[in-house]
Amino acid sequence: MPLEQKMELVCPAGSLPALKVAVDNGANCVYMGFRDNTNARNFAGLNFDLANAKEGVRYAHNHGAKVLLALNTYPQSSGSEKWQAAIDNAANLGIDAVILADPGLMQYACDAYPDLRLHLSVQGSATNYEAINFYHQQFGIQRAVLPRVLALKQVEQLMQNTPVEIELFGFGGLCVMVEGRCSLSSYVTGESPNTCGVCSPAKFVRWQPTAAGLESRLNGVLIDRYAGSENAGYPTLCKDRFNVGGETYYAIEEPTSLNTLELLPELMRMGVAAIKIEGRQRSPAYVAKVTRVWREAIDSCKRNPDAFSVRPAWMSDLGKLAEGQQSTLGAYNRPWK
Amino acid sequence: MKLALGPNQYYWPLDMQQEFYAAVANTPVDIIYLGETVCSRRHLMRLTDWLELAQKLNDAGKEVVLSTQTLIESESDLKTLRRITGNQTFRVEANDMGAARLLNEQGIPFVAGQPLNIYNPRTLNLMAKLGAMRWVLPVEMSREALAPLQSARPAGMETEIFAYGRMPLAFSARCFTARHYNLPKDDCQFRCIDHADGMTLKTREGEAFLVLNGIQTQSAKVYNLLGEIRGLQEAGVDILRVSPQAFHTSRIVQLFRETMDGLTTPQQALHGMQKLMPEAACDGYWHGKPGLERSYAENMAD
Numbered sequence: 008m009p010l011e012q013k014m015e016l017v018c019p020a021g022s023l024p025a026l027k028v029a030v031d032n033g034a035n036c037v038y039m040g041f042r043d044n045t046n047a048r049n050f051a052g053l054n055f056d057l058a059n060a061k062e063g064v065r066y067a068h069n070h071g072a073k074v075l076l077a078l079n080t081y082p083q084s085s086g087s088e089k090w091q092a093a094i095d096n097a098a099n100l101g102i103d104a105v106i107l108a109d110p111g112l113m114q115y116a117c118d119a120y121p122d123l124r125l126h127l128s129v130q131g132s133a134t135n136y137e138a139i140n141f142y143h144q145q146f147g148i149q150r151a152v153l154p155r156v157l158a159l160k161q162v163e164q165l166m167q168n169t170p171v172e173i174e175l176f177g178f179g180g181l182c183v184m185v186e187g188r189c190s191l192s193s194y195v196t197g198e199s200p201n202t203c204g205v206c207s208p209a210k211f212v213r214w215q216p217t218a219a220g221l222e223s224r225l226n227g228v229l230i231d232r233y234a235g236s237e238n239a240g241y242p243t244l245c246k247d248r249f250n251v252g253g254e255t256y257y258a259i260e261e262p263t264s265l266n267t268l269e270l271l272p273e274l275m276r277m278g279v280a281a282i283k284i285e286g287r288q289r290s291p292a293y294v295a296k297v298t299r300v301w302r303e304a305i306d307s308c309k310r311n312p313d314a315f316s317v318r319p320a321w322m323s324d325l326g327k328l329a330e331g332q333q334s335t336l337g338a339y340n341r342p343w344k
Numbered sequence: 099m100k101l102a103l104g105p106n107q108y109y110w111p112l113d114m115q116q117e118f119y120a121a122v123a124n125t126p127v128d129i130i131y132l133g134e135t136v137c138s139r140r141h142l143m144r145l146t147d148w149l150e151l152a153q154k155l156n157d158a159g160k161e162v163v164l165s166t167q168t169l170i171e172s173e174s175d176l177k178t179l180r181r182i183t184g185n186q187t188f189r190v191e192a193n194d195m196g197a198a199r200l201l202n203e204q205g206i207p208f209v210a211g212q213p214l215n216i217y218n219p220r221t222l223n224l225m226a227k228l229g230a231m232r233w234v235l236p237v238e239m240s241r242e243a244l245a246p247l248q249s250a251r252p253a254g255m256e257t258e259i260f261a262y263g264r265m266p267l268a269f270s271a272r273c274f275t276a277r278h279y280n281l282p283k284d285d286c287q288f289r290c291i292d293h294a295d296g297m298t299l300k301t302r303e304g305e306a307f308l309v310l311n312g313i314q315t316q317s318a319k320v321y322n323l324l325g326e327i328r329g330l331q332e333a334g335v336d337i338l339r340v341s342p343q344a345f346h347t348s349r350i351v352q353l354f355r356e357t358m359d360g361l362t363t364p365q366q367a368l369h370g371m372q373k374l375m376p377e378a379a380c381d382g383y384w385h386g387k388p389g390l391e392r393s394y395a396e397n398m399a400d
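Line by line, the protein sequences are chains A and B.
If you're matching positions, the first sequence starts at 8 in the working numbering and goes up one per residue.
If you're matching positions, the second sequence starts at 99 in the working numbering and goes up one per residue.
Note that these hints are calculated values from the structure, not bench results.
C-beta atoms are modelled at their ideal positions from N, C-alpha and C, and glycine is treated no differently.
Just to be clear, a hint being listed does not mean it is correct.
[Claimed, not checked] Below, a list of computed lysine-lysine pairs in the DSS-like style, where the Cα atoms sit at most 25 Å apart:
| no. | chain 1 | residue 1 | chain 2 | residue 2 |
| --- | --- | --- | --- | --- |
| 1 | A | K160 | A | K89 |
| 2 | A | K89 | A | K73 |
| 3 | B | K154 | B | K100 |
| 4 | A | K210 | B | K283 |
| 5 | A | K73 | A | K61 |
| 6 | B | K300 | B | K387 |
| 7 | A | K210 | A | K73 |
| 8 | A | K160 | B | K154 |
| 9 | A | K13 | A | K210 |
| 10 | B | K283 | A | K160 |
| 11 | B | K387 | A | K210 |
| 12 | A | K89 | B | K387 |
| 13 | B | K373 | B | K300 |
[What the hints assert, rightly or not] Some chain A residues flagged as far from chain B (calculated, every beta-carbon gap over 10 Å):
| no. | residue |
| --- | --- |
| 14 | N32 |
| 15 | G187 |
| 16 | D231 |
| 17 | D313 |
Sequences and hints are given; from them, build the entire structure.
Structure (structure tokens):
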């Protein structure tokens, strides 16, 4: 039986070309940010100025896709007018929903623009229905993006106790920490996702060839060291090798990506409203490939969820794009050692 | 300015825990936060045990606050949370928006914990309207970033800062202690109990960097604002929080009190504290720098 369920595919747009290929390859929604620290992918050369945003909204709307705007850092006490202005701009641009983490900013948005649709960002750290219902009750949020820490059973339980739509991460980089509650990056560099929209920012990264191997340092702290034959990864500080109790290993997390393709029928049955693809920092080519695979998979699952199987070609396409070229079901399934 | 003892972030044997609180009851600490804030699997102290301890400390003249768990995932977590928020005797520190909602619904004033992420005046005001009577600033907030919140602070709102201890920097659903022992989280054998100050994570060149404490990741360095007490007073901070460690907590509380009361200088107190800290001190966040940096030492004579 085909499912009536509408499951949206939400794809990353770090630039206008990425936005266009996401729409062209079947995204129902694209999400983007402005070119500053109002969003959690505040990377050099990424994101939208007003003119680009306008063109992006025009392109997406003309092709039947929605545009979501991430304003998901925490407004800092100095310069908080920047976040407020971003809400004003979102409303004026005809953005379909803003993705927020800060309760104060939600208050502003719902006072100033009662018709503007609000989504709770993953950076809002809401992992239970009481928290989600708080944002619903106070600000009328209509959708929540869950941190990548819950097991599927917990997601289902949560969904049964809230009127708020649930969006889950389906593919891409994997935060092992509860988003919005991690200050590891600022401990080392002074800049964190909450305050600056960055994690382990590139300007603090140094690569040093040494006799012991290639070393990656973040603001001087040794993050990892690679022997000649090893592939060196970006030094995200929770995904590297450290020494605990005399043993050197990936003490927090391996450099893996999340890939939940095989859970699709289950997610659809549960009534998950949307699947989010991570990766605004990735290239348009990446966005095009991931969007195409997920579009095909969601459509195939909708046609016949009982007979759904993950095509080897999808996994092979996605495998090539994954961080560290390994993937995991993350917390949804708990296979952790 | 008041002195508070934060919730114990570690998992200790029952007798050690009881001795600890018996000892701190006799220290000049004004407020004591109690409860399991890290992991729901830690069960040596049940809620009824915490409430009993709370009553004892209350009788000893301490203001007692029950702290809620930071990461609330399951229905059973919520059940415990509801029992805490509905306890009707002791004040509650909400460490998740779900806790804030339950307290707000009952019209009970509460402490807005550090994980609520209050970074700006608008959010602070909103939390005040919902019932917060005190807030704890995010660990990464600097003195400069605090200033606008303090000047726009709603009447009666108290400001508390994490002033001493290994900082809680991150929470995960994964248990890094269990991972170290190659155990599944759901069958972790409670290995945390063997690490009274957590497990030190070192870089590959041997620098103590972080501490693994179950699902929580802490700084290896000890955040220590003892040298900044004048600045904290000028910034209008009402309460300094000392986070429990396995040894010397009572002495550390004492040194903070003496410094706050002007009975000793920060230099002398810090000197006396050198050997009481499990690792070197840091204070970067307060100065708007990376958290692991230390500014105060630069000004010290030795």
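How the hints compare with the structure:
| no. | hint | in the structure |
| --- | --- | --- |
| 1 | A:K160 / A:K89 | violated, 39 Å |
| 2 | A:K89 / A:K73 | holds, 24 Å |
| 3 | B:K154 / B:K100 | holds, 20 Å |
| 4 | A:K210 / B:K283 | violated, 36 Å |
| 5 | A:K73 / A:K61 | holds, 13 Å |
| 6 | B:K300 / B:K387 | holds, 21 Å |
| 7 | A:K210 / A:K73 | violated, 33 Å |
| 8 | A:K160 / B:K154 | violated, 39 Å |
| 9 | A:K13 / A:K210 | violated, 41 Å |
| 10 | B:K283 / A:K160 | holds, 16 Å |
| 11 | B:K387 / A:K210 | holds, 15 Å |
| 12 | A:K89 / B:K387 | holds, 22 Å |
| 13 | B:K373 / B:K300 | holds, 20 Å |
| 14 | N32 | holds, 32 Å |
| 15 | G187 | violated, 6 Å |
| 16 | D231 | violated, 7 Å |
| 17 | D313 | holds, 29 Å |
Hints 1, 4, 7, 8, 9, 15, 16 from the list above are not met by this structure, while the remaining hints are.
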